[in-house]
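Add chain A to chain L, keeping to what the hints say.
What follows is the residue order along each chain.
There are 2 protein chains.
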Amino acid sequence: MNTPLTNQPIRVGVLGFGGLGQAAAKLLSSKREMILVAVADQNGYAYSTESLNTQACITTYQNQGTIGHLEAFGTLSNNSIQDLIQVTGDTVDGYFLALPNLPNDFIPSVAKEFIQAGWKGVLVDAIKRTSAVEQLLSMQDELQAAGITYMTGCGATPGLLTAAAALAAQSYAEIHNVVITFGVGIANWEAYRATVREDIGHMPGYSVEAARAMTDAEVEALLDQTNGVLTLENMEHADDVMLEVAGICSRDRVTVGGVVDTRNPKKPLSTNVKITGRTFEGKISTHTFTLGDETSMAANVCGPAFGYLKAAQELRQRGISGLFTAAEIMPKFVK
Amino acid sequence: MNTPLTNQPIRVGVLGFGGLGQAAAKLLSSKREMILVAVADQNGYAYSTESLNTQACITTYQNQGTIGHLEAFGTLSNNSIQDLIQVTGDTVDGYFLALPNLPNDFIPSVAKEFIQAGWKGVLVDAIKRTSAVEQLLSMQDELQAAGITYMTGCGATPGLLTAAAALAAQSYAEIHNVVITFGVGIANWEAYRATVREDIGHMPGYSVEAARAMTDAEVEALLDQTNGVLTLENMEHADDVMLEVAGICSRDRVTVGGVVDTRNPKKPLSTNVKITGRTFEGKISTHTFTLGDETSMAANVCGPAFGYLKAAQELRQRGISGLFTAAEIMPKFVK
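Residue numbers (the working numbering), protein chains in the order written: chain L, 21 to 355; chain A, 21 to 355.
Isolated chain L (complex conformation):
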């Protein structure tokens, strides 16, 4: 039953304060069951024993370049994550790693910092790439020994759509393929610089490193050539390894692609996942899970991420630590 094991709100930190981190902070501001108490970006961090004001955080970051300048609560730091862990210790229950993961081992390296600091609690990421999740999978024993409950791949894809695939798979004796196709519309790519660069890194002829090295003007020039639309196929998304680890199907049966319109908030197509398999009676069929077009990337990533954070907190309260993926655990609805 879903009765909370304790009635205390969960004290949450957000690491990374770009488009995703800011959306996460906005989402948290309407929740009773979670309180935003800490934020870190590349150049500083902010922490309050009570709670941080989301709007003040966003204004400070946008006007002054780092949350470290937040009045009364901010501190400038070149080791903001380490310093924040050191200062706050176990007064923060869990963190959402809203980090762009460039380079590809950045999020695993942050997880290692938590382990090294002797910190105990829950961590959630919305990581995208298979190779990054593989690095985390190799840390399963370390995380468990450290008393950290870590949920990986908890955004939209991987995340919500991967979990929908794992659920849909139940009707079948064998899964033939899982096809994820996403549509993203953003009015202005500059609000999601890191995400758009990661998308470009998945395009034919580009690498994540090459995309990361592009100037804003170079990104603009590329987008001008495609009328602002990025078409992505056979992306390296961790949905594949997550469904394999969950025992659903081998990773080569999972494909992810999508269309991103960087100049229009309307989605170019409805994001969906199609799960095709054979039932025990020998019938071949396809279940489909489709996201409503009016839901933003921010809603479909941050909503699930905090749902998984709540689920992780319940596991932790039951004494369960280690690494889990979004395909294995049902996220809990956060009020």
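Derived from the structure by calculation, the hints contain no laboratory data.
The structure displayed is predicted, hence computed values, not measured ones.
Check the hints yourself; a few may be wrong.
No copy is singled out in the list; a pair is fine if it fits within one copy or between any two copies.
To be verified - Taking lysine-lysine pairs in the DSBU-like style, the calculated list, with each CA pair at most 30 Å apart, reads:
(1) K355 / K46
(2) K294 / K132
(3) K355 / K286
(4) K51 / K294
(5) K132 / K46
(6) K294 / K140
(7) K355 / K303
(8) K140 / K303
(9) K286 / K140
Same frame as chain L, but now just chain A:
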């Protein structure tokens, strides 16, 4: 991670051997991770320390009226469930309660028999009605104290579709409504007598008791009037209480209806659940999960039921007992 806590196959019993129980036995016959070792019907039971042959069970039941006549493994009994528990004890890890639940407290009364026998293990039902799930919810403490991990509402609706609604809800700050519409096509209603009677019990002007008292000829006559089609609205389905208990929305926001064609295996419409809500950004939208038309009721009920049984077994191995619903736990894929 989804590494099994033990590598032993799960030794499964099926209680009830009508259409649903027989489908469950067929499904199990192709699994490596589960073995069918026990079956009970109203007039007898069968048990093997190794495994039961599905086809022999079905032939015996269909030709002789009870599994109690199964050669070498069958026993006739008027208290088949109690006797089976007594004889097998903890050599059966878990049971799927493939029981029609007429009267409405039948499944809760079976759960009480397991508690009274001092049995420990996992139980899964594919119960339909809200009031039946409410009775089980009131047994939460008893089940926990008994060391039983009980998963309720683990069929299609409630079950797979309820879980899909709980998952889809993560994108939203508030859920406005959850609408489940199912289409069922069965070639011959006589293969699912109990299920069809339960559906009739949900129709305007009928009650479960009245439907139960109908002779086969009376059911035939009713179906003749509607050309074999049953249209069901505002059904008392436990999806509502399950989503309420999981904290997703109040039960009055959940509705279940459907169309059952009892003379045609083709579904009259695609079974789906629509989840409408408001995102943290204030947008109203609808996610949709649609089942492939070629998947049968048997595949969509028995597949999830065993997926939840495997998940329950993992919880039990972690020392977690008590009552859970399909909306709270991610089912595990059974190989």
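Do the hints match the structure? See the list:
no.	hint	verdict
1	K355 / K46	within (14 Å within a copy, 42 Å between copies)
2	K294 / K132	neither (35 Å within a copy, 41 Å between copies)
3	K355 / K286	within (28 Å within a copy, 41 Å between copies)
4	K51 / K294	between (32 Å within a copy, 24 Å between copies)
5	K132 / K46	within (28 Å within a copy, 47 Å between copies)
6	K294 / K140	neither (38 Å within a copy, 39 Å between copies)
7	K355 / K303	between (40 Å within a copy, 17 Å between copies)
8	K140 / K303	neither (47 Å within a copy, 36 Å between copies)
9	K286 / K140	neither (41 Å within a copy, 54 Å between copies)
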